[in-house]
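Engineer: Since the structure of chain A is already known, use the hints to place chain B on it.
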Amino acid sequence: MKRALPPDPHHPARPPRIALLGESIVDETATAILAEAVLGGPFERVQPNLRARGWPSVLQILPAIARHLHFHTDADGLIVLVDADDSEPHTAAHEAPGYFHPRCRLCQLRATFRRATKTLPPARGRERVLRAVGLAVPAAEAWYLCGLDETVGEAGWIEARAEGRVPYTRRELKLRVYGTERPTLPLALERATAAARRHARDLRRLENDFPGFAAMADELRSWPRALALRSPRESASG
Amino acid sequence: MIASVAFRNFKALRSARLALQPFNLVIGPNGSGKSSLIQALLRLRTLARMPLRDLRREQDRLHDAAEVTFRFEPPHDGLEAVLGCASESVCDLLQIVPLPTGEGADDWEGLRKKILGLRAYLLDHTAIARPLYPVSSDELAPDGGNLGARLAALRDRAPEAFAGLRAEVLRLFPEYSELMLRPEKGSFALRIADPSENALLEPEDLSQGTLYTLALLALAHDPEPPAIVCVEEIDRGIHPRLLREVRDILYRLSYPADRGLDRPPTQVIATTHSPLLLDLFRDHPEEVVIAEKTGRAATFTRLSERTDLGELLAEGGSLGDLWYSGVLGGVPEEQP
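Each protein sequence line maps, in turn, to chains A and B. Counted from 1, the first sequence has number 971 at position 156 by the working numbering; the numbering is strictly sequential. Counted from 1, the second sequence has number 124 at position 110 by the working numbering; the numbering is strictly sequential.
Everything labelled a hint here was simulated from the structure, so no lab data went into it. Be a bit skeptical, because a hint or two may be false.
What the hints assert, rightly or not - In silico DMTMM-like links for lysine to aspartate or glutamate, alpha-carbon gap of 20 Å or less:
no., chain 1, residue 1, chain 2, residue 2
1, A, K989, B, E259
2, B, K199, B, E153
3, B, K25, B, E347
4, B, K127, B, D138
5, B, K127, B, E94
6, A, K989, B, E300
7, B, K127, B, D152
8, A, K989, A, D964
9, A, K989, B, D293
10, B, K25, B, D272
11, A, K989, A, E1005
12, B, K199, B, E211
13, B, K128, B, D170
14, A, K989, B, D272
15, A, K989, B, D297
With the rest of the complex left out, here is chain A (with noise of 0.2 Å):
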């Protein structure tokens, strides 16, 4: 079941404008599919060529980022994308106000986007560029096993490394989805479509399962809101 969002009389007609950032095509690809199912409704690309290394190079690359879609696009929003590896996840904690958990990549990129932007001048009428920030917990592929691998989940990764134990590694995440530990790219994508499209029918396993996945959910439902807010000459400066 989609949770898509009650037409807004004062939202602008247009599809937003967004731009991804992820650490591979096939990460991006499934991303946009889910932040459509998320809005409720299909989106306008922006800039999409935009690709980071991987951590840490989207922390180091991301104010860089902002900043060139804030002056240079049309862009009304970034969705960024990573995976956690070992890092800390993001849990209901970080979400208090004020909190910053410095281990957190999700916290991290956050705080290095409202560091980048919150001196900019407004730009191609409008505020800011909004930002969502997705954490993939240990990687994306544990979140297209949602709901077919039950001992696939946020909660079971941080139990057992609470215990000392790996679960599950990358490489094994990898097999199981994929079949082998070394897919080609077109075999990626292929896999990666079919579970996010599997997931955008009914968002709420994934949402319930991977904290990481419902923060960047929470953070795109806030946007239409926030769209609509905007000025009548932002609306129609696209």
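Structural biologist: This is chain B only, laid out in the frame that chain A set:
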């Protein structure tokens, strides 16, 4: 199929040993033994063509002379091949030594056949763009110079494999709509996808990276590839975003079962100086070999032997960054 190589006094490899995997990416500074490893393998192939010398008695061996010892995977783990060298670089003696355990101790012919299937490539875009004619098309030349003829041979002798190669070319380079073969010239061309241009690009008009990628695809889609393939500088001329594809092309050789191919794996030994390519091996440190040079002496270490690798990566650096920084070794020595 080569399990390990041990070096003694062979060029910079004074005392070094390397266990080989199906896929091996060798990184390290210039002069650290990457090319010497490949040269030793080629020397083994050259000498395997010739009649074997009698087994030399232990007391006749020159104990400070260069020597390279090869061990093999089953079904030939019962044999050892020893290259004896008259000097640091002149190795002209091959001995095959049966081992007390292992299979195939009496099957030198079977092992020799595999060793003779070893090929080393240092692709040269000028050679690819300037095809020699007439030219052999039975296998890809070491510099890729017969690529056009090889592609035509693949199309004629293995049309299904060629169809897969063509599909890969057009997927990797969507700016082209067709791979045109010109067997009469021993050449080929790529048609530009934009119909308004309706133009063909000849090899001399194609980028180095495109030509090298085509050559690697010709190797990887060969239904009967060499048993062992060495490729130097696999990142050369390739855009960083295409490096994953280059890795996957070579994986097709090493892990054919993963691609649904029913043929024996090809052992791949590749070299690079690219931290960006190294980043792609984060999940497979066992496939990475670090060549380390101290003074004139070089050694090899598997990245997976670095037990704190997980902790280092958790600190936030990428694998390529860690290598460049020097914490993994395999960087040039510098004078303070």
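Engineer: Take the C-alpha atoms of A/K989 and B/E259, compute the straight-line distance between them, and say whether it is at most 20 Å.
Structural biologist: The hint holds at about 17 Å.
Engineer: Between A/K989 and B/D297, does the CA-CA distance stay at or below 20 Å?
Structural biologist: holds, 10 Å
Engineer: Going straight from one Cα to the other, do A/K989 and B/D272 come out at no more than 20 Å?
Structural biologist: Distance of about 12 Å is within 20 Å: holds.
Engineer: Is it true that the CA of B/K127 sits at most 20 Å from the CA of B/D138?
Structural biologist: violated, 28 Å
Engineer: Taken at face value, is the distance from the CA of B/E94 to the CA of B/K127 at most 20 Å?
Structural biologist: holds, 15 Å
Engineer: Within 20 Å, alpha carbon to alpha carbon, are B/K25 and B/E347?
Structural biologist: OK: B/K25 and B/E347 at ~18 Å, within 20 Å.
Engineer: Given the hint that B/K199 pairs with B/E153, does the C-alpha gap stay at or below 20 Å?
Structural biologist: holds, 17 Å
Engineer: Verify the proposed pairing of A/K989 with A/E1005, using a straight-line Cα cut of 20 Å.
Structural biologist: With a Cα-Cα distance of about 13 Å, the restraint between A/K989 and A/E1005 holds, given a limit of 20 Å.
Engineer: Assess, step by step, whether the Cα of A/K989 is no farther than 20 Å from the Cα of B/E300, and give holds or violated.
Structural biologist: Cα-Cα ~17 Å, so holds.
Engineer: If you draw a straight line from the CA of B/K199 to the CA of B/E211, is it 20 Å or shorter?
Structural biologist: With Cα atoms ~24 Å apart, B/K199 and B/E211 exceed 20 Å; violated.
Engineer: For a C-alpha distance cap of 20 Å, please report whether B/K128 and B/D170 respect it.
Structural biologist: Judged against 20 Å, a Cα distance of about 26 Å means the pair is violated.
Engineer: Measure nothing beyond the straight line between the CA atoms of B/K127 and B/D152; if it is 20 Å or shorter, mark the hint as holding.
Structural biologist: holds, 17 Å
This entry does not satisfy hints 4, 10, 12, 13, going by the numbered hints stated previously.
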